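2 protein chains.
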Amino acid sequence: MTSTLNWCAGTRKVRGVSKYWSEAARQAAPYIPGDQPQGKVIKLNTNENPYPPSPKVLAALRDEVGAQLRRYPDPTAAQVRTAAAELYSLSPEEVFVGNGSDEVLAFAFQAFFHRDLPVRFPDITYSFYPVYAQLYQIPAEIVPVAADFSIDPEDYFHSPGGVILANPNAPTGLFMPVEAVAAVAAHNPSRVVVVDEAYVDFGGCSAAPLVREYPNLLVVQTLSKSRALAGLRVGLAFGSPELIAGLDRIKGSFNSYTVDRLAITAAEAALRDEEYTRTVCAQIVQTRMEFMHRLNELGFRGTDSKANFVFVTHPVVAAADIYAELKERGIYVRYFPAPRTADYLRITIGTPAEMDTVAAALAEIIKLYSA
Amino acid sequence: MTSTLNWCAGTRKVRGVSKYWSEAARQAAPYIPGDQPQGKVIKLNTNENPYPPSPKVLAALRDEVGAQLRRYPDPTAAQVRTAAAELYSLSPEEVFVGNGSDEVLAFAFQAFFHRDLPVRFPDITYSFYPVYAQLYQIPAEIVPVAADFSIDPEDYFHSPGGVILANPNAPTGLFMPVEAVAAVAAHNPSRVVVVDEAYVDFGGCSAAPLVREYPNLLVVQTLSKSRALAGLRVGLAFGSPELIAGLDRIKGSFNSYTVDRLAITAAEAALRDEEYTRTVCAQIVQTRMEFMHRLNELGFRGTDSKANFVFVTHPVVAAADIYAELKERGIYVRYFPAPRTADYLRITIGTPAEMDTVAAALAEIIKLYSA
Numbered sequence: 001m002t003s004t005l006n007w008c009a010g011t012r013k014v015r016g017v018s019k020y021w022s023e024a025a026r027q028a029a030p031y032i033p034g035d036q037p038q039g040k041v042i043k044l045n046t047n048e049n050p051y052p053p054s055p056k057v058l059a060a061l062r063d064e065v066g067a068q069l070r071r072y073p074d075p076t077a078a079q080v081r082t083a084a085a086e087l088y089s090l091s092p093e094e095v096f097v098g099n100g101s102d103e104v105l106a107f108a109f110q111a112f113f114h115r116d117l118p119v120r121f122p123d124i125t126y127s128f129y130p131v132y133a134q135l136y137q138i139p140a141e142i143v144p145v146a147a148d149f150s151i152d153p154e155d156y157f158h159s160p161g162g163v164i165l166a167n168p169n170a171p172t173g174l175f176m177p178v179e180a181v182a183a184v185a186a187h188n189p190s191r192v193v194v195v196d197e198a199y200v201d202f203g204g205c206s207a208a209p210l211v212r213e214y215p216n217l218l219v220v221q222t223l224s225k226s227r228a229l230a231g232l233r234v235g236l237a238f239g240s241p242e243l244i245a246g247l248d249r250i251k252g253s254f255n256s257y258t259v260d261r262l263a264i265t266a267a268e269a270a271l272r273d274e275e276y277t278r279t280v281c282a283q284i285v286q287t288r289m290e291f292m293h294r295l296n297e298l299g300f301r302g303t304d305s306k307a308n309f310v311f312v313t314h315p316v317v318a319a320a321d322i323y324a325e326l327k328e329r330g331i332y333v334r335y336f337p338a339p340r341t342a343d344y345l346r347i348t349i350g351t352p353a354e355m356d357t358v359a360a361a362l363a364e365i366i367k368l369y370s371a
Numbered sequence: 001m002t003s004t005l006n007w008c009a010g011t012r013k014v015r016g017v018s019k020y021w022s023e024a025a026r027q028a029a030p031y032i033p034g035d036q037p038q039g040k041v042i043k044l045n046t047n048e049n050p051y052p053p054s055p056k057v058l059a060a061l062r063d064e065v066g067a068q069l070r071r072y073p074d075p076t077a078a079q080v081r082t083a084a085a086e087l088y089s090l091s092p093e094e095v096f097v098g099n100g101s102d103e104v105l106a107f108a109f110q111a112f113f114h115r116d117l118p119v120r121f122p123d124i125t126y127s128f129y130p131v132y133a134q135l136y137q138i139p140a141e142i143v144p145v146a147a148d149f150s151i152d153p154e155d156y157f158h159s160p161g162g163v164i165l166a167n168p169n170a171p172t173g174l175f176m177p178v179e180a181v182a183a184v185a186a187h188n189p190s191r192v193v194v195v196d197e198a199y200v201d202f203g204g205c206s207a208a209p210l211v212r213e214y215p216n217l218l219v220v221q222t223l224s225k226s227r228a229l230a231g232l233r234v235g236l237a238f239g240s241p242e243l244i245a246g247l248d249r250i251k252g253s254f255n256s257y258t259v260d261r262l263a264i265t266a267a268e269a270a271l272r273d274e275e276y277t278r279t280v281c282a283q284i285v286q287t288r289m290e291f292m293h294r295l296n297e298l299g300f301r302g303t304d305s306k307a308n309f310v311f312v313t314h315p316v317v318a319a320a321d322i323y324a325e326l327k328e329r330g331i332y333v334r335y336f337p338a339p340r341t342a343d344y345l346r347i348t349i350g351t352p353a354e355m356d357t358v359a360a361a362l363a364e365i366i367k368l369y370s371a
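Those protein sequence lines, which keep their order, are chains A and B. Residue 1 is where the first sequence starts when you use the working numbering, and the numbers rise one by one after that. Residue 1 is where the second sequence starts when you use the working numbering, and the numbers rise one by one after that.
Bound-form chain A, shown alone:
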């Protein structure tokens, strides 16, 4: 239950601002990831997969541990580009590979968004987007989602400097049909539309096949969620060759080799074992439905999540209280205390046994606070 983060991030130790920092470092507003608690806890706070990576991934990794680790990896990660391209009948020139989708997104902000033209994204979405905008000094037009957290695609037509949307959105889990994504791309013909599909394999449908029709559409995915490889950091982008070339230009100006040999090996094996991925994702979707049903019985309401988490609120008990009570019981979920999300909890879907424990704890907490 202790965290390894005590002295982390330096920022917490060093109060204030250093005279040695650049303006960029002074003005940076780093993203705060979910805690990484150690020991015997139920960890449902960072949307990791409750199942291990494919056995074929682990076997491939064991084979790759050897003397050749002294050699630099292929800077293009060609074997991953090829395997990813085949998933959507694209070509390797239409795929980019990065050190986690966070790196891919950071490169996309640098490659496609502008210092003098605002990029548009929702107020409730992956909270790294405003962090990138701040770091790269890109102005942002932040569009409120509706009261039910839904996104109106028309709000993203004719953006001055491009668009970024998560689909399914985080932390709401709401999925926008690919037709809506196509409409946003079609109505921004001279700007880039980035769609972050980190959670698409849990009930959504990818817009990747649309990248041939829309040369301004970049579809970003990750192997951290559905492929259970959060520990190895591999992200993908699908797009026209000119968008991929833009990402390559930024990457090549930053770090020639961002994806290491073992990550390349694992990613290729994972992308080539779609049956395992589909089986795991189907189980998680099943568990999500069962868990949501039990939460409804306890009075919770939630979004129609198509992700590997639910986003729920209780009419009587405050989310902050539930969050603290769960933590007390060794159950970590995510709580975003911003105004529009402060009534909600985001709970990652774990194994059926883990969700049984969580449901029982929630029943107890609700009873306690409703008494």
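In case anyone wonders, no lab produced these hints; they're calculated from the structure. Do not rely on the hints blindly, as some may be mistaken.
Note: identical chains are not told apart, hence a pair may lie in one copy or across any two.
Said to hold, decoys possible - Pairs of lysine to aspartate or glutamate, DMTMM-like flavour, derived with a Cα cap of 25 Å:
1) Lys56 x Asp273
2) Lys19 x Asp155
3) Lys40 x Glu364
Small disclaimer: the values here were computed from a predicted structure and weren't measured.
With chain A fixed as given, assemble chain B onto it according to the hints.
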């Protein structure tokens, strides 16, 4: 002998500039890494270690391949910070860990150098520095090294926006005493001095112990060379807690987890097996001296390299010709065709057997061209 880079970098496929690219993408001038030829070649072009990683590293990696790869890594890579700190009797708050020293250097440019004040570095040095300056729009004051490639530390006193030096320098291999590094740090009290020690373990001496005395000194190292882990991408920085916090602010605004679980495992094990590193480095230094002796006999002249490469020129045969002839024979070395380096070749030190083959090939080529 074929390269995997044919379709790489996108930039080679996409001619010209895309209307979707930002100014940053348009103006980027990506670094071009050495080729990664496949098949049976002698690869002495990217300064990799000819020996495998420590057996303890490989054993630790095999142990870490398992279900826990589904979990995000520790975002602080605390176990690597601790192991690295112990090498120089520093504390973990004085260490930063990144995805290769290239990432660490890119963060340092963002965290410590300025859009309105030029950073100073030599004309002949690691050619990624001007690439970072271009990407982050930091002006540069480029100081010519002397005719013998030596660096006068006084040229780096009172820099308007900070300093970056490689020590030993690349591709010359020349080492500047730590006293000179201390003098540069002392004469830039309100600016950051970055010293890139990628090659320090092959005959240099690290300035890392000086970071307590000079809070403006950042010492960057890599596990790619002396620890034979180029394939896993781990870089380090040593500095005052306020400099490390500056790097953490940039990293936390870019990618929460840049170093993956297997890289963390390998890095810790490598840093804790100093005996292996020292043995391997001593062997490489020995081979370098023997190889340089044979090159001198063939009429080559070279710098007094303290790195795992030599930097040599021949009075009769042009470097470009030697480079092409070696490549013809399946021997890859590095050739930098810029004006001041076009007479030289950089040859990585491999195993004694590899260097025997290279020396024999060079003897043949010199004879051929001198006839």
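Hints, verified against the model:
1. Lys56 x Asp273: Within one copy only: 7 Å inside, 31 Å across.
2. Lys19 x Asp155: For lysine 19 and aspartate 155, only the inter-copy Cα distance (23 Å) is at most 25 Å; the intra-copy one is 42 Å.
3. Lys40 x Glu364: within (20 Å within a copy, 66 Å between copies)
In the structure shown, no violation is registered for any of the earlier numbered hints.
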